[in-house]
Structure formats: C-alpha cells, structure tokens
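Numbering (numbering that gives the first Met the number 0), first residue to last: 0 to 103.
Treat the hints with care, since some could be wrong.
SDA-like mimics (lysine to any residue), calculated; alpha carbons at most 20 Å apart, straight line [said to hold, decoys possible]:
| hint | residue 1 | residue 2 |
| --- | --- | --- |
| 1 | LYS68 | LEU52 |
| 2 | LYS24 | LEU9 |
| 3 | LYS68 | ILE58 |
| 4 | LYS71 | LEU53 |
| 5 | LYS71 | ILE59 |
| 6 | LYS24 | PHE46 |
Keep in mind that the hints were calculated from the coordinates and are not lab data.
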Amino acid sequence: MTLCLYTTELICQAVCNMKYCVFNKKQSIYCCTDDKMKYSNWQMQTFITLGVLLFIALIIDVVVYVYKKQNKNKIYKNVVKVQIPEQIKQQEPETDHNEVDQLL
C-alpha cells in the first residue's frame with residue numbers, strides 16, 4: 000500500500016508511523032509505503048552512484064599520476080650536464096677602471 004499526500008518528510012514520517020517515506024520526484028511529494036524494496040532501491044542507487052563516482056575518481060587519479068611520471072622522465076632525458084673548465088671558474092672578472100670612475 001502506498002499513500003502519497005505529504006509535502007514534507009517530517010509529516011510523512013509522523014503519519015507513516017515506522018513505515019517508509021519515499022520522495023516521489025515526479026509529483027514532488029513524499030509517499031508512505033509498506034514496500035521496503037522501494038526504500039532499499041533508493042538507498043542502493045545512492046550507494047551505487049557514490050561507488051561509481053569514487054571509481055571514476057580513482058581512474059582519473061591513476062591516469063594523472065602515470066602521465067606526470069612519463070613527462071618527468073622525458074624532461075630529464077633531454078638534460079645535458081655541462082662542465083665548466085677550471086680555468087673559467089678561477090678567472091676573476093676584469094673591471095674597467097673608466098667605468099668605475101664614471102659610477103663614482
């Protein structure tokens with residue numbers, strides 16, 4: 000038996016008296032029902048939806064991780080180490096005395 004007359008969930012729960020209240024989207028009202036499966040299906044749909052969303056998020060996370068790891072390897076493969084000869088390291092920069100005088 001299903002009775003759909005209630006505008007709020009609180010009214011539905013009060014009138015249903017320990018039965019199940021289900022929201023009817025088409026009519027935008029709450030229904031009082033004895034059918035536990037109707038209520039369980041609503042809960043099951045919610046859990047399935049959340050599970051699917053979490054699974055999609057996990058897949059996206061793995062794809063992004065793999066993509067970043069591959070790009071990181073590509074960047075470091077192109078890096079070439081450059082060694083500076085000791086002569087260049089030890090040279091002091093030459094100062095132009097005319098330039099220093101102009102600054103003073």
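Status of each hint after checking the structure:
1. LYS68 x LEU52: violated (24 Å)
2. LYS24 x LEU9: Within the cut-off at roughly 17 Å; holds.
3. LYS68 x ILE58: Roughly 15 Å separates the two Cα atoms, so the pair holds.
4. LYS71 x LEU53: violated (27 Å)
5. LYS71 x ILE59: holds (18 Å)
6. LYS24 x PHE46: With Cα atoms ~19 Å apart, LYS24 and PHE46 stay inside 20 Å; holds.
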